[in-house]
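Chemist: Sequence:
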Amino acid sequence: MEVHAHLIILGLHQDARLRNLVVNVYSKCRCFGYARKLLDESPEPDLISWSALISGYSQNGQSEDASRVFKESQTSDLLAFTSMITVYSQDGQGEEALKLYLEMQSQGIKPDAFVYSSLFNACASLSAYEQAKQVHVQVLKLGFIIDIFAGNSLVNSYAKCGSIDDAERAFREIPERSIVSWSAMIGGMAQHGHGRLALQMFNEMLKEGVAPNHITLVSVLCACNHAGLVTDAKRYFSSMEELFSVQPMEEHYACMIDILGRAGKLDEAMELVNTMPYEANAAVWGALLGAARIHKNVDLGSKAAEMLINLEPEKSGTHILLANIYASAGMWDGVAKIRKVMKDSNVKKEPGMSWMEIKDKVHTFIVGDRSHPRGKEIYAKLEELSEPLRKETDLHDVEEREKAKLLYHHSEKLAVAFGLIATPPGAPIRVKKNLRICLDCHTAIKLVSKIASREIIVRDINRFHHFRDGLCSCGDYW
1 MEVHAHLIIL GLHQDARLRN LVVNVYSKCR CFGYARKLLD ESPEPDLISW
51 SALISGYSQN GQSEDASRVF KESQTSDLLA FTSMITVYSQ DGQGEEALKL
101 YLEMQSQGIK PDAFVYSSLF NACASLSAYE QAKQVHVQVL KLGFIIDIFA
151 GNSLVNSYAK CGSIDDAERA FREIPERSIV SWSAMIGGMA QHGHGRLALQ
201 MFNEMLKEGV APNHITLVSV LCACNHAGLV TDAKRYFSSM EELFSVQPME
251 EHYACMIDIL GRAGKLDEAM ELVNTMPYEA NAAVWGALLG AARIHKNVDL
301 GSKAAEMLIN LEPEKSGTHI LLANIYASAG MWDGVAKIRK VMKDSNVKKE
351 PGMSWMEIKD KVHTFIVGDR SHPRGKEIYA KLEELSEPLR KETDLHDVEE
401 REKAKLLYHH SEKLAVAFGL IATPPGAPIR VKKNLRICLD CHTAIKLVSK
451 IASREIIVRD INRFHHFRDG LCSCGDYW
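Mapping of the sequence shown onto full-length UniProt numbering: residues 1 to 478, in sequence order.
Misleading hints may appear alongside valid ones.
Stated by the list, open to error - Within a straight-line C-alpha distance of at most 30 Å, the following computed DSS-like cross-link-like pairs (lysine-lysine) qualify:
id, residue 1, residue 2
1, 133, 359
2, 296, 348
3, 337, 265
4, 446, 361
5, 71, 361
6, 303, 359
7, 337, 296
8, 446, 265
9, 361, 376
10, 349, 376
11, 349, 446
Simulated from the structure, these hints should not be mistaken for laboratory data.
Whenever a hint applies, use it, and build me the whole structure from the sequences.
Modeler: What follows is the structure in structure tokens.
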């Protein structure tokens, strides 16, 4: 501000080059009011000033302000477009990022490697496999694949779009793999249920002399978690500081507590909670609540739920999990109490939603949805599958009405049925879901993969499930 005052005293504040520098400095110092005032007072604000302000907003995570200024500026500057595509992809607005990329192309602006890196991240957030492939083709044409940022983002994108094979091919093509490259690949394998392969890759990384960071070790523990490798997880967790000079952080503790809880070692999990040097956060109590559900431990479930409700009172999942724990123990009074609390507190259950991408179009389904243009065909396909599913499943003690509910009710079943009628025979079916896949759907989709001879890939809120020949990559451990 003092330097700016001197510029005004000397009469230099109208110089366009100096004004751009001042706007840039104010933006980087997060003094957006001053930066904007300078722009408004400029007789002809140029692209550099607008880009500096947009970049400042985007780096500060203020996506709405960045978007507003970007639209107001009507800029055709590469830096401004790059900043906005980046902020959209980081803010979970993948569709906006892809739209902006198309606008950029229509204006004849040539994107750079940073733009493509952000586009891959946008595809990852949308789990848009076909879009990722199209962007990959553009990158290959322009020769940006040798760029480490674009290469790492491509690995992450393919992994999060459900194709771990494509991710590994992209990983192997990166000429100089950094810790980010390795972490993306190890994390991707963990999410896809390839726990032992992820650990093999971790050992390969160590042999190449690449030192892990705290993110890599979170991925390693996640790999152990998804594969149920409790002994390996304990070994890595206890030796982090000694072998890799990485002090365990909250994420590592949360992962380890989840591993112990899933394995039924509830006393060990609680001991770790009580002795760790951090206050237990929502991730820790969520892990314990999940473990209580798996092992039907009402006391632990009640305690974990109480702590979670205090930390995240607006989230319905906590109430629903606790109600399920009470139901599995036959405590119907507890179930009724939870429902009353949800009603009184106006806590709404998040509706199950699934979506899939076919020919650049996203098809969305909700519970019991009949609004899709091909709805009749979807339900006809479900009806066609009902008889072989009944033969494969032991449902003798379930009422016919309940059988129909199991078959039709959830959104991922509708999405899978649509995939069967809308994609060529033998083609993989890729479905995304906003919640954790339930046991009924998991069982049904395993059987559908066998009956229809299809690979079905479901990405739920926690991980990927690859269904083939009646089996799932998670080994029924999720």
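Chemist: Between the alpha carbons of residue 361 and residue 376, is the straight-line distance 30 Å or under?
Modeler: OK: residue 361 and residue 376 at ~20 Å, within 30 Å.
Chemist: Next pair to validate is residue 446 with residue 361; report whether the Cα-Cα distance is within 30 Å.
Modeler: Holds - the C-alpha atoms of residue 361 and residue 446 are around 26 Å apart, at most 30 Å.
Chemist: Under the criterion that the straight-line Cα-Cα distance not exceed 30 Å, is the pair residue 337, residue 265 satisfied?
Modeler: 29 Å, holds
Chemist: Does residue 348 sit within 30 Å of residue 296, going by the straight-line distance between their CA atoms?
Modeler: 24 Å, holds
Chemist: Does residue 359 lie within 30 Å of residue 303 when you go C-alpha to C-alpha?
Modeler: Violated, because 47 Å separates the two Cα atoms, which is more than 30 Å.
Chemist: Take a quick look at whether residue 349 and residue 446 sit within 30 Å of each other, Cα to Cα.
Modeler: At roughly 27 Å apart (the allowed maximum being 30 Å), residue 446 and residue 349 satisfy the hint.
Chemist: Could you grab the alpha-carbon distance between residue 349 and residue 376 and see if it respects the 30 Å cut-off?
Modeler: 28 Å, holds
Chemist: Does the alpha-carbon distance linking residue 71 and residue 361 stay inside the 30 Å limit?
Modeler: 26 Å, holds
Chemist: CA of residue 133 to CA of residue 359, is that 30 Å or under?
Modeler: Holds, because 12 Å separates the two Cα atoms, which is no more than 30 Å.
Chemist: Given the hinted pair residue 337 and residue 296, is their alpha-carbon gap at most 30 Å?
Modeler: 18 Å, holds
Chemist: What's the verdict on residue 446 and residue 265, does the C-alpha distance respect the 30 Å limit or exceed it?
Modeler: 28 Å, holds
In the structure shown, a violation is registered for the earlier hint numbered 6 alone.
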